Amino acid sequence: MENTAEAPTGERRTSEHLDTDEQRAFRLKAREYMAANLPPRIPGQPANSFEDLELVALDRQIQKKLYDGGLGGYVGITVPEEYGGLGLDRRFEDIFFEEAEPYRLPWHYGNAVVIVLPCLLAHGTEEQKKKYIPRILSGEHLWAQLLSEPSGGSDLAGVLTRAEKRGDEWVLNGSKVWTSGGHVSDMGLCLARSDPTVRKHAGLTMFLVDMHQPGMSVHPIRLVRGGSDFCQEFLDDVIVPDCDVLGDVNDGWTVARTQLNSERAGMARGWHYGLRRAEASAHIEISRRYARLAEELGVSGDADARQLIGEAIVLDAVYDLTSKRAATGARNGALPPTIGMVTSLLSARTSIDRTALMSALAGPVGVAGSPGGDGPDIGMDRVVTHRIGGGTLEMQLNLVSERHLGLPREPGSDRDVPFNQLRHNATPKLAG
Amino acid sequence: MENTAEAPTGERRTSEHLDTDEQRAFRLKAREYMAANLPPRIPGQPANSFEDLELVALDRQIQKKLYDGGLGGYVGITVPEEYGGLGLDRRFEDIFFEEAEPYRLPWHYGNAVVIVLPCLLAHGTEEQKKKYIPRILSGEHLWAQLLSEPSGGSDLAGVLTRAEKRGDEWVLNGSKVWTSGGHVSDMGLCLARSDPTVRKHAGLTMFLVDMHQPGMSVHPIRLVRGGSDFCQEFLDDVIVPDCDVLGDVNDGWTVARTQLNSERAGMARGWHYGLRRAEASAHIEISRRYARLAEELGVSGDADARQLIGEAIVLDAVYDLTSKRAATGARNGALPPTIGMVTSLLSARTSIDRTALMSALAGPVGVAGSPGGDGPDIGMDRVVTHRIGGGTLEMQLNLVSERHLGLPREPGSDRDVPFNQLRHNATPKLAG
Amino acid sequence: MDVELNEDQTMLQEMTRRFLEDRSPIAALRRLVDGGEGFDREVWRQAAELGWVALFVPEENGGIAESAQGVADAAIVAEELGRVVFSGPFLSTCVVAFAIAQSGSEAQRAEWLPGLAAGETLASWCFAGPGTKAGVRAGSVSASRRGDGHVLDGIAAYAEYAEAADLLLVTAQGVQGLSQFVLPAGTAGITVEPMDAMDLGRSLARVRFEGVVAGPEALLGDAGKADEAFERQLQAALVLHCAETVGVTDRAFEFTLEWVNERHAFGRPIGSYQALKHRLADHVMQLEGAKAAAAHAARAVQAGAPDAAIAVSVAKSQCGRSATEIIRDCLQMHGGIGLTWEHDIHFYLRRAVSNEMLWGSPAVHHERLSRLAGI
Amino acid sequence: MDVELNEDQTMLQEMTRRFLEDRSPIAALRRLVDGGEGFDREVWRQAAELGWVALFVPEENGGIAESAQGVADAAIVAEELGRVVFSGPFLSTCVVAFAIAQSGSEAQRAEWLPGLAAGETLASWCFAGPGTKAGVRAGSVSASRRGDGHVLDGIAAYAEYAEAADLLLVTAQGVQGLSQFVLPAGTAGITVEPMDAMDLGRSLARVRFEGVVAGPEALLGDAGKADEAFERQLQAALVLHCAETVGVTDRAFEFTLEWVNERHAFGRPIGSYQALKHRLADHVMQLEGAKAAAAHAARAVQAGAPDAAIAVSVAKSQCGRSATEIIRDCLQMHGGIGLTWEHDIHFYLRRAVSNEMLWGSPAVHHERLSRLAGI
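Chains as they are written, first to last, in this note's numbering: chain A, 1 to 432; chain B, 1001 to 1432; chain C, 2001 to 2375; chain D, 3001 to 3375.
Simulated from the structure, these hints should not be mistaken for laboratory data.
Warning: the hint list may mix true and false statements.
As the list claims (entries may be wrong) - To spell it out: a stretch of chain C is covered by chain A in this simulated footprint if at least three of its residues, at any positions, have a beta carbon under 8 Å from a beta carbon of chain A; those stretches are: (1) 2142–2151; (2) 2314–2321; (3) 2363–2369.
The structure displayed is predicted, hence computed values, not measured ones.
Note that CB positions come from ideal geometry on N, CA and C, so glycine has one too.
Generate the whole structure from the sequences, applying the supplied hints.
Here it is as structure tokens:
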């Protein structure tokens, strides 16, 4: 639902009538340059799929084109000029996305611009900002997040990967997992334990890690359905120079919080800027899939099938309307920023519920079919209905109840104990 | 489902062929006496409804008849002779219930025989057993459980009702609630706090309380739908002589555990002995209600309505089969005694689910209808679908997960703190 | 509900809330029910002075409808009514005023609208049949031509406040299509039979039409051509209905949150237990879904957007189902006290279940959505 | 599953479990799938030696069916098969053996049963149509009289292990009613088209019949009178199917319980978190319901009880729905690792979803139950 490009709206709505002269000039420049240089947005084309190396390569080119054409790359418009951006205000960004609607944008840079860039801006040294931000905007560096570990995905502050200081560099050992695009990334934002003798949040440090080094081995994970764009990394004496510590040593959790908040804010906004259409103007559109499916299954006239389809239409529309309302409300202050957590939870619930409805609709047709047909996909959707991105459902429920509703936290048992006195899980190998 | 009498099975199955001579003699005596003295079992008649004073009076008579006829009253067969029972083994009890199938039994004595009697047998002094047990079996004493309090129904060990020693008697003050039949009971089993300075489980004492005394005021509770057979009691200097302390002073939690376990065992067995038909032989019978309802609603031919009805049939049958299997399994040791907790949970879930299905089936017809018709009952069932008896759903879920599945308990925060240092809820008045 | 209210709308919301807290809190409903009364006419008249019905009535007929925000503004009022489980003929009177203002002749508008706007004339909307699928289609009353008028026969069920109404708007099926009629309550051949409703704050009735003669002055719009007008009325009604349901849910959820923060069990607030927290998280998620769907429906119907018909059915399904499910569980979280007459929550749950099923149950709207999807 | 097993049955259960742990653990399925193979014929032959199919075959035809416990005993085996997501033609071969033993002529029994009992002959049961409601009715293949035999035309879908089968039992619709035929796999006009199945341990196929000539020797029972025999076969098949599903669920639940006790998050086993505990409590409740329903169905079918038809549909709905719901959430509780190919749980969930829908989806059985309720 969030991960494929939508078709450009037939009738485009822009805010052109509000433009100042300067804005108008920017808009025309963007319009002309995009028309000449960007590939069209193709409905159904994946927004990001790191398995598709051609698409990744295409996005590298698009990012470079946007940068070279003076448009700041993808999301570089509000970035200060000294770091390669345009230093303009948000209004110009809105114009950019209005004009970009018919084109593919370099969505594989989502991690880099939605998560890494805010972390660099908030916690980076001047040297780091000048070195890394322009390379994101120019398309040189794709970034990965080296965050979760096989010993425990939800408990992010419980990372076991060790960072030891040796002279003026750090040596990292351990394993990271659920890294989107680890195998194609140039750099990684990596949280590691620099001091295991203090309580778990206090002994962490964040590192900017060069992914192209011998100690870093990256293995794509095979998921239930086949491939995936997730990877598991094994860090075996990975070297990070002192100058690539982001934020203070042992203060990595502060950076991680920026990282997590940026990810959530990105989700609330619709994750990849400009992936969705403009919010306020949207009408409910019923997916044509349902009519086609009902036809194919021969159940168009069945009262019970029509119930299931009606319910699915409600699910889709409610998800769509809720996330658009959340985005608007978070932007104008009518809703708290935590509303993004609610949207994220709804996204998970919606996919669980929709797969159940489709499975009930298809019955046996959804579990076995002609080779190459899409029957068994409907059944398999029930198997893979839960999501890895955005945390487990349990973590989302905790977040919504504690942060959004303000309910009391569980009495914590591990927050004040030195990390090396806690029990830790084993570190399974997930990649086959 | 559990609270109305079922019709006697058309074709009765007994274990007559297994009888010894002595058993055969007992069977024939019971058969003859019951035929002459007991009223018939009327399908749909409430098993117990303390609001129905005539039915309560009838059960008092039935209990007396069973006692006078040398059948030991309801469930007195295995009780030792010195306490008014027959001192026979369980086989005779089975025979009693086989023969009693066509008749009404004094089900309002359920509390007394399922819960109070085991507590007296396990913890009573010789004097208490000789005084109270015969009066239960002869029909003289109806008993109530004075257990829950308005300050917190789930946290049974958190009772606030105070018991103070004055000379050789105790003075009780406080309030109890959710007492079935409090207004018609002669005696009550009452848990009170005799020492608030120790941790909460350690300062409790169990009392045998005369309900007919001035300090005890009993108020029926009006529930959402109208009346109820629940009461709230206000104890205002209620007097209990020393000899009516059950178990040791400050050891009331031990007695309460027997009480709770007896209640649960009763539920696992089908609560009121003999209320249900013999277990192993039972076939699934589809309630005639569904066909009648479908006919009345004019939806017999609707595919979606037929789905809802089919689902309801599954719910009913699964509940029935599961509770019968649990009873058999608990009896023959194939299942642990905690299986009763699972049945109890299923009972709650089944009623929630069934009311939802019926509500969906009836649509608007279930929320408004002709005065006196049963339309709005279907809607109201959704309002009152949760149950008070057997603890809240949350407690049932805790019990099943901790006792039956053996999952770790929540880290407790109140178990080791002196009771008077804990925060307590206010004591609302629930009776109007 | 909507995250983009303008200043006037925010004021309307605050004013309505203050008025209701003062004149019609939930305790007032309890008094009305215990006293066996339906609703408080004095409160209704005062409410009308605040412009609740006037939102749908043009200025020349005593209203304030020039704001062009009629439906969206009325939805704001309806949401507040839900928060106190208001008892009164808001929905029916508004829809009838809307219908007359949109389709009425000048004479009809002049005759009826001023009284409706002023709260002096009460109206009921009669269209739904008596069965399980009632609520989105008219047709259980038939209209046959006689002379220059019509004769009406049949039964309309679930008519709100028909017992108290001065005026009935009847939608009837004729050979050419739907027709609508505006009839004084006392018209010969009309019998109003009160229904027994689980929602104690909503008067419902069956209205029986037996050979009712409706002259040309009673005909609203053109004979046999009311299908579109009816759909517009239905959409407006559903917007108000959904907004009310959101208010009901929002308020019950709000006081349940307070309760779980305050009530302790085993030494901790019950709201600190993860099982309750997770259920509450799911509930707020569904509630946000209901708010988003209801707000969108209000905007779509207000604007006459192409997805208005879809939007109201999406909202009706989402608001109805989530209300019942959320408040049912909120009641559960109150423990035994939630089941007592003395606690307010049953009034909320009664309205939620009732609203879920009236004006088209979820099943009816799912079917409608399948149809709108071209299936 | 059943709480009243006799000594022989307990022994059968233990023997089966030991055999499967040794010869066909879940790791074996992983190897078969990675190797692109369907099932292990050697394991199947050894299993047959243990008497799995012989349970349905009379002694004179090489079986052990005198125990009169055929269905109930086979259900014990099926439950164990579920626990390891066994890949092999157990269900189809048993049902065909049951059918031939019950309805076959002496010649047919002598010809086919010894091979079936010995595990040398594999059989597939062909009856279900290809649509969404398939699984409890036959009729997608038609039989027309020609001479002293029949000609068969049509498609049977979801036929288990048809690709490997030596023998097909076809249920076909004629003008007078259902007829059944036993045909060697190579009979002219039969085409087997493998289906792409989400359950990686179950081979399914579409079997196409084009002008297939079935002589009198192929006819099982009387022409046009197989309705009752078919219902009996269906009941027996559903008993085994449900028992298998219970085994699948039971085992997945078991290792999930181990996992939540062992896996720590935030310093505590994840199984100490109330939200998970409550979900697991609901799951064990549904699982107990499935066990009770499946056990009752086995007993009812074994005994030919009057509620046997109801019992199998109740069991099928309960077992199917609870399996998917429980294992889906068990996968959820495993976190990301549950989604990896390397973890076993997806094999369990694949079979659960697949079993929920094959042999009649819950919807199909709900409809059937309404019919059996006289509605």
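Against the structure, the hints:
1. A stretch counts as covered by a chain when three or more of its residues have a beta carbon under 8 Å from one of that chain; for the stretch 2142–2151 of chain C and chain A the count is 0, and the coverage is violated.
2. Against chain A, the stretch 2314–2321 of chain C contributes 3 residues with a C-beta closer than 8 Å to a partner C-beta. That satisfies the three-residue criterion, and the hint holds.
3. Residues of the stretch 2363–2369 of chain C lying with their CB closer than 8 Å to a CB of chain A number 6, which satisfies the three-residue condition for coverage.
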